[in-house]
Amino acid sequence: MKRATSLGLALGLLLISSAQAQFPGLGDLANAVQKAKQTSDDAARIAKGASGLSLAEEVAIGDAVALTIVGRYGGVWRDEAATRRVNLIGRVLAQYATRQDLEWRFGLLDSPAINAFSAPGGRVFITRGLYELPLSDDELAGVLAHEIIHIDQRHAIDIIARGELIGGVSSLVADNSANFAPYEAIVGNATELILVDGFDPGTEYEADAAGRDLSAVTGYAPGGLRVVLLRIGADNGQSTEVFSTHPSTEDRLARLPDDPAPPIGAAADDPAT
Amino acid sequence: MRIKRSLVLTATFILACGLALPASPAEFKQGGKAWSKHHETSLLAEPGPLAPVVSTVGFAEKLKVREIQGAWLRVKSDEGEGWVFQGNLASEKPSLAPGAGFTTVDAARTDTVAAARPLAPAAQGYAERHGATDAQADIDWTDAEASKLTPQDMVAYMSSEQKGEYQP
Chain A
1 MKRATSLGLA LGLLLISSAQ AQFPGLGDLA NAVQKAKQTS DDAARIAKGA SGLSLAEEVA
61 IGDAVALTIV GRYGGVWRDE AATRRVNLIG RVLAQYATRQ DLEWRFGLLD SPAINAFSAP
121 GGRVFITRGL YELPLSDDEL AGVLAHEIIH IDQRHAIDII ARGELIGGVS SLVADNSANF
181 APYEAIVGNA TELILVDGFD PGTEYEADAA GRDLSAVTGY APGGLRVVLL RIGADNGQST
241 EVFSTHPSTE DRLARLPDDP APPIGAAADD PAT
Chain B
274 MRIKRSLVLT ATFILACGLA LPASPAEFKQ GGKAWSKHHE TSLLAEPGPL APVVSTVGFA
334 EKLKVREIQG AWLRVKSDEG EGWVFQGNLA SEKPSLAPGA GFTTVDAART DTVAAARPLA
394 PAAQGYAERH GATDAQADID WTDAEASKLT PQDMVAYMSS EQKGEYQP
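Quick note, the sequences are listed as chains A and B, same order. So in the numbering used here, spot 157 of the first sequence is number 157, and the numbers just go up one at a time. Take any residue in the second sequence, note its place counting from 1, add 273, and you have its number in the numbering used here.
Mixed in with the good hints, there may be bad ones.
What the hints assert, rightly or not - Okay, the calculated bits of chain A under chain B, using three or more residues with CB under 8 Å as the criterion:
| id | segment |
| --- | --- |
| 1 | 52-60 |
| 2 | 65-74 |
| 3 | 83-96 |
| 4 | 128-136 |
| 5 | 182-193 |
As the list claims (entries may be wrong) - SDA-like, lysine to any residue: derived pairs with alpha carbons at most 20 Å apart:
| id | chain 1 | residue 1 | chain 2 | residue 2 |
| --- | --- | --- | --- | --- |
| 6 | B | Lys421 | A | Ala81 |
| 7 | B | Lys366 | A | Asp213 |
| 8 | B | Lys421 | A | Arg84 |
| 9 | B | Lys349 | B | Asn361 |
| 10 | B | Lys335 | B | Leu323 |
| 11 | B | Lys335 | B | Ser368 |
| 12 | B | Lys302 | B | Gly343 |
| 13 | B | Lys421 | A | Gln95 |
Unchecked claim - In silico contact screen, one side only, chain A against chain B (beta carbon under 8 Å); selected entries:
| id | residue |
| --- | --- |
| 14 | Arg78 |
| 15 | Glu80 |
| 16 | Gln100 |
| 17 | Arg105 |
| 18 | Phe106 |
| 19 | Gly107 |
| 20 | Val173 |
| 21 | Asp197 |
These are computed hints drawn from the structure, not numbers from a lab. Just so you know, even glycine gets a beta-carbon here, dropped at the ideal spot from N, CA and C.
Pulled out of the complex, with its shape left as it was, chain A reads as follows (with noise of 0.2 Å):
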């Protein structure tokens, strides 16, 4: 089924799949233990993290995947008032997720895609196709917390992070290098791995999962993410592109909770407005 995803997804084989994803095998681990040994002192390993890369690396990398994400799919959809409520609730959202290192951006791309994403560092773009379903403030949540998930749990740089390139994006962020080729690189591999690819169905049901949570105790609706997920289902194809680089509806639906639907209706008034 063609319908597949992009929202994001998670859970339970995903601990093993990922620990075998992420540790293949010992002597790998021994080795990067020893490099990590080698170059870093214990400071340097606690500001740059678990995934071993530093905040500014992982930034300078989604960046520049948000940018080919912009570029392939239409541009910013510049509508101040749909961007405002995007921000405003992925950040309520996003203050209760277990980062807190990092800035939230949220915008929107001006394609009849229905689709959603997330670069490493923070930004999170959702299709004007996806947007204009439309989605009421409890589904927008749950996708939003979807992609949110991603960020927050790594997903994308944990994976980046396994490369041999990581040392070229460390030399050019400190400033001290002219060699674009490992950070071209590591950059075409993660574009490759959130445009094309997609993450591993896994991981994709872990965001399902955890994204219900972190909207559940925001206070959203739980089953914002699975009547999305339904409505789409119920659009028979007819949309070009339908969350693609994820696994098919069905099977995320399937190891969704049946949640109650959320009380249709629009979009909350923003008080702020």
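Since the structure of chain A is provided, determine the placement of chain B on it from the hints.
Using the frame of chain A, we list chain B on its own:
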């Protein structure tokens, strides 16, 4: 043998960090532990956002959960005891502090509009090399719009729509 054990412990630690999820209500248990995840977290006299502040705790402080009332937890720190909304706590010790990078420390508690963060310098160079100046202008516009949203706007929305700490 020692190396193998160390590797296993390291793998366990990294895996645990990578799998930390946003705290859901079921993750906190009375008598269990929680960690603060903001630069500064207020412990309140009552389970509500407008209650007086009893004490504050810094980033990644371990707290003991004394009581749970809906979405609110009464926690104990070394300095005192008070109520915290569950969304402001983590079920595992967070690793990266707010402001560890370039972000504004505790921006949500200021009255100012955050300055729009420009694209990272490396990404600006990427845009030049790839002729992506239109995309760069689009992202600059998005960032400028996002930066217009103030903390007061968020509080007004949360209060009106009963989100976060303002849930009934």
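Does the alpha-carbon distance linking B:Lys335 and B:Leu323 stay inside the 20 Å limit? 24 Å, violated
Holds or violated: are the alpha carbons of B:Lys421 and A:Arg84 at most 20 Å from each other? 8 Å, holds
Report holds or violated for chain B covering the segment 65-74 of chain A, Cβ cut-off 8 Å, minimum 3 residues. This one holds; 5 residues, not fewer than the three required, reach chain B with a Cβ under 8 Å.
Can we keep the A:Val173 interface hint, with Cβ of chain B closer than 8 Å? Cβ of A:Val173 sits 6 Å from chain B, so the hint holds.
Residue count check for the segment 128-136 of chain A against chain B: does it reach three with CB-CB under 8 Å? Coverage by chain B is violated for the segment 128-136 of chain A (0 residues, Cβ < 8 Å).
Was the hint right that A:Phe106 lines chain B, CB cutoff 8 Å? With Cβ-Cβ at 7 Å, under 8 Å, it holds.
Between B:Lys335 and B:Ser368, is the straight-line Cα distance small enough, at 20 Å or below? Holds, because 13 Å separates the two Cα atoms, which is no more than 20 Å.
Does the alpha-carbon distance linking B:Lys302 and B:Gly343 stay inside the 20 Å limit? Answer holds: B:Lys302 to B:Gly343 is near 12 Å, not above 20 Å.
Closest C-beta approach of A:Arg78 to chain B relative to 8 Å, hint status: 6 Å, holds
Going by Cβ atoms only, is A:Gly107 closer than 8 Å to chain B? Holds, because the Cβ-Cβ distance from A:Gly107 to chain B comes to roughly 4 Å (cut-off 8 Å).
Does B:Asn361 sit within 20 Å of B:Lys349, going by the straight-line distance between their CA atoms? 15 Å, holds
Going by Cβ atoms only, is A:Glu80 closer than 8 Å to chain B? 6 Å, holds
Of the numbered hints given earlier, the model fails hints 4, 10 and 21; all others are met.
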